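Which chain is which? The protein sequence lines are V and Y, in order.
Per the working numbering: the first sequence = residues 272 to 738.
Per the working numbering: the second sequence = residues 2 to 199.
These are computed hints drawn from the structure, not numbers from a lab.
Incorrect hints may have been included.
[Said to hold, decoys possible] Pair ranges (Cβ atoms, derived): (1) Y:Asn142 <-> V:Val548: 34 to 40 Å; (2) Y:Phe176 <-> V:Arg654: 27 to 33 Å; (3) V:Glu442 <-> Y:Ala5: 48 to 54 Å; (4) Y:Val67 <-> V:Gly523: 57 to 63 Å; (5) V:Phe595 <-> Y:His158: 30 to 36 Å; (6) Y:Glu169 <-> V:Pro574: 50 to 56 Å; (7) V:Lys321 <-> Y:His158: 34 to 40 Å; (8) Y:Gly19 <-> V:Thr483: 25 to 31 Å; (9) V:Phe595 <-> Y:Arg153: 32 to 38 Å; (10) Y:Glu9 <-> V:Lys433: 28 to 34 Å.
[Unchecked claim] With the Cβ distance kept under 8 Å, some of the chain Y side facing chain V (calculated, not the full set): (11) Gly30; (12) Phe38; (13) Glu82; (14) Met146; (15) Arg165; (16) Val177; (17) Leu179; (18) Ile185; (19) Thr188.
All of these numbers come straight from a predicted model, not from anything done at the bench.
Glycine included, every Cβ here is placed at the ideal spot set by N, Cα and C.
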Amino acid sequence: MAETLLDKVWRLHTVRELPSGQTQLFIGLHLIHEVTSPQAFLMLRELGLKVRFPHRTFATIDHIVPTDSRTRPFADALAEQMTIALVENCRDFGITLFDLGSGRQGIVHVIGPELGLTQPGMTIACGDSHTSTHGAFGALAFGIGTSQVRDVLATQCLAMSKPKLRRIVVEGTLPRGVYAKDVILAIIRRLGVNGGVGYAYEYAGSAIEAMTMEERMTLCNMTIEGGARIGYVNPDRTTFDYLRGRPFAPQGEAFERAVQWWQQIASEPGAHYDDEVHFEASALEPMVTWGINPGQSVSVTEPIPHPEDVPEAERAAYWEALQFMSFKPGQLMLGTPIDVAFIGSCTNARLSDLRAAAEVVRGRKVARHVRALVVPGSETVARAAEAEGLHEIFQEAGFQWRQPGCSMCLGMNPDRLQGREICASSSNRNFKGRQGSPTGRTLLMSPAMVAAAAIAGEVVDVREMLR
Amino acid sequence: MTSAIIREIVGRGIPLPGDDIDTDRIIPGRFLRSVTFEGLEAHVFEDDRQQNPDHPFNQQRYRGAVLLIVGRNFGCGSSREHAPQALRRWGIRGLIGESFAEIFFANCTAIGVPCVTVSAEDVRWLQEVIAAHPEMELRLNLETMTVDAGDRRLAAHMPEGARRQFLEGTWNSTFVLLQAGEAIERTAAQLPYVTGFR
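Generate coordinates for the entire structure from the input sequences, incorporating the hints supplied.
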């Protein structure tokens with residue numbers, strides 16, 4: 272019988288069926304960072320357990336790192352303490368750490384792929400919900416909590432139930448000015464923020480096949496915002512070409528054998544899916560969120576829905592969102608003034624994202640009232656961007672060029688919104704208080720749309736600036 | 002080495018109306034700057050409580066509640082176990098809701114806090130009856146999969162795997178996973194990427 276990638280990878284990683292009916296699943300790659308791992312190591316120490324496969328866990332520092340000055344000790348004593356804890360835990364348990372200044376530090380979901388750690392056919396876990404990013408390579412990758420981080424450290428396994436599978440088919444060509452970010456925002460808008468609960472998403476169709484790896488990462492990254500813990504794209508030539516020569520990818524003849532295996536784990540024609548939905552890429556437009564969850568979005572030319580157009584069950588959440596945002600039904604997002612522009616995060620801080628934003632910014636100036644920052648996803652991304660002069664384009668326009676980290680996506684470091692500020696953001700969550708101010712407001716959009724909003728000082732249609 | 006068997010949770014409830022309540026709201030990011038989970042209970046729903054003086058977690062009459070009654074897609078967003086840890090340390094021992102986000106559900110299970118679902122209608126009824134009678138005793142039973150409230154009995158649901166973890170006392174999965182022994186290494190040895198694509 273024809274199998275899907277989910278079927279095959281799940282089967283190959285099954286250690287045993289547990290008495291509870293769940294599967295004991297082997298985890299091929301475990302990524303850790305400073306926020307969700309210290310308590311897990313503490314539990315491990317209390318239990319007197321070792322890390323079972325120390326060479327299958329890799330660490331970096333991303334969430335709390337300041338992006339202006341990295342002088343140690345950090346001004347935030349708590350951030351310093353968390354950093355020290357990670358360094359010590361990695362040393363004591365024999366785990367490789369990509370430390371600040373190593374040349375390889377960065378947001379965990381940026382560095383895994385760019386170092387070649389993330390590979391097709393793997394199971395990948397990390398104490399971070401955006402681990403779904405790694406599904407871009409045809410891996411089963413998902414976020415876990417700290418107790419499960421302890422499980423993986425101690426056993427390299429997790430107790431899991433196999434999800435159902437929904438195939439999301441996107442056919443056609445994306446218009447200019449419409450990006451992977453807009454595709455995933457449109458998908459979440461239609462399927463809902465909890466539409467994916469119990470499912471893994473397989474992304475397919477000509478529009479997905481035409482995407483670069485970095486675009487696929489943006490797509491898979493926000494899978495969790497649609498309620499699905501896992502999202503993946505079947506590996507293909509684009510995947511293999513990306514991986515060739517990366518530091519942790521197989522080298523030489525081993526790489527050719529790896530490609531053979533990677534091809535075999537892709538979903539087969541005629542395989543069974545529990546559900547299938549279709550999107551037409553050419554019909555998509557730049558998207559902007561107006562609410563307090565990533566499903567509350569419109570295209571930039573479309574008004575915020577009227578209450579009668581919102582399903583009864585979602586109406587309470589709809590009014591709560593409008594009240595928090597101080598927006599009105601029927602209002603256009605076009606022309607909404609912004610205070611802050613943030614280009615960064617595990618969703619959109621890779622080289623191609625920075626290039627797309629720089630294309631808009633080049634030769635223009637950030638509006639005088641806007642605080643604008645670019646936070647590259649990793650030290651590798653920063654180096655590559657600087658080599659082609661992107662930092663100068665941003666700086667000349669009035670953007671701050673920062674050092675890599677999660678930054679204003681979640682405001683755990685000093686980069687935060689103040690008061691009621693509105694932020695045009697290339698990140699993934701517009702939750703209340705997400706960007707560090709309890710009353711701050713987030714408008715999610717593509718990096719090019721953020722760049723355009725920074726220049727105009729308000730939400731604009733980036734397609735007008737690309738003409 | 003096992004964890005405690007959890008068959009039943011008995012005590013008062015606290016209603017929290019609203020859908021899609023994310024983990025950033027349960028415990029805002031700035032409180033994650035710590036190497037332990039200690040003290041998180043003081044900050045549970047901190048920003049929501051600041052903005053809404055009538056927030057259920059501000060109301061004296063719900064102090065001591067052990068069952069939290071929530072709407073749809075509760076705990077969506079970040080995988081931070083800090084969210085269930087904050088709730089548990091506040092005193093919550095179980096959640097009854099219309100639906101739960103997956104990672105949140107798994108995190109609750111891993112620390113011995115069962116999350117069961119009931120119909121949207123039953124959630125509304127429970128929230129209203131508890132608001133009117135906060136002293137009322139609720140009884141969540143995982144063997145019968147029921148919630149008793151006053152003279153009513155509601156049908157509750159939970160994936161069978163998680164339910165058995167509570168009833169068998171195996172929700173602390175580390176011990177269960179360790180029992181696989183060398184089978185873990187045998188599985189690893191058959192994965193070509195583990196053996197270097199030899």
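Evaluated hints:
At roughly 38 Å, the beta carbons of Asn142 of chain Y and Val548 of chain V sit within the given window of 34 to 40 Å. Between Phe176 of chain Y and Arg654 of chain V the Cβ separation comes to about 45 Å, which falls outside the hinted range of 27 to 33 Å. The supplied range of 48 to 54 Å is met by Glu442 of chain V and Ala5 of chain Y, whose beta-carbon atoms lie about 52 Å from each other. As the Cβ distance of Val67 of chain Y to Gly523 of chain V is approximately 60 Å, the hint placing it in 57 to 63 Å holds.
About 31 Å separates the C-beta atoms of Phe595 of chain V and His158 of chain Y, a value consistent with the hinted range of 30 to 36 Å. Judged by the Cβ atoms, the range 50 to 56 Å given for Glu169 of chain Y and Pro574 of chain V holds: they are separated by roughly 54 Å. At about 39 Å, the beta-carbon gap between Lys321 of chain V and His158 of chain Y stays in the expected band of 34 to 40 Å. For the pair Gly19 of chain Y and Thr483 of chain V, the beta carbons lie near 39 Å from each other, so the given range of 25 to 31 Å is not met.
The hinted window of 32 to 38 Å between Phe595 of chain V and Arg153 of chain Y holds, with their beta carbons roughly 35 Å apart. A hinted range of 28 to 34 Å for the beta carbons of Glu9 of chain Y and Lys433 of chain V is consistent with their spacing of about 29 Å. Hint status for Gly30 of chain Y: holds, given a least beta-carbon distance of 5 Å to chain V, under 8 Å. At about 6 Å, the closest approach between the beta carbon of Phe38 of chain Y and any beta carbon in chain V falls short of 8 Å, and the interface hint on this residue holds.
The interface hint given for Glu82 of chain Y is met, as the beta carbon of that residue sits about 3 Å from the closest beta carbon of chain V, less than 8 Å. Checking Met146 of chain Y against chain V by beta carbon gives a least distance of about 16 Å; that is not within 8 Å, so the hint is violated. The interface hint given for Arg165 of chain Y is met, as the beta carbon of that residue sits about 4 Å from the closest beta carbon of chain V, less than 8 Å. For Val177 of chain Y, the suggested interface contact is upheld, since its CB lies about 6 Å from the closest CB of chain V, less than 8 Å.
This hint holds: Leu179 of chain Y has a C-beta 6 Å from the nearest C-beta of chain V, less than the 8 Å allowed. For Ile185 of chain Y, the interface hint holds, the least distance from its beta-carbon to any beta-carbon of chain V being 6 Å, beneath 8 Å. The beta carbon of Thr188 of chain Y comes within 5 Å of a beta carbon in chain V, closer than 8 Å, and the hint placing it at the interface holds.
Hints 2, 8, 14 from the earlier list are contradicted by this structure; the remaining hints agree with it.
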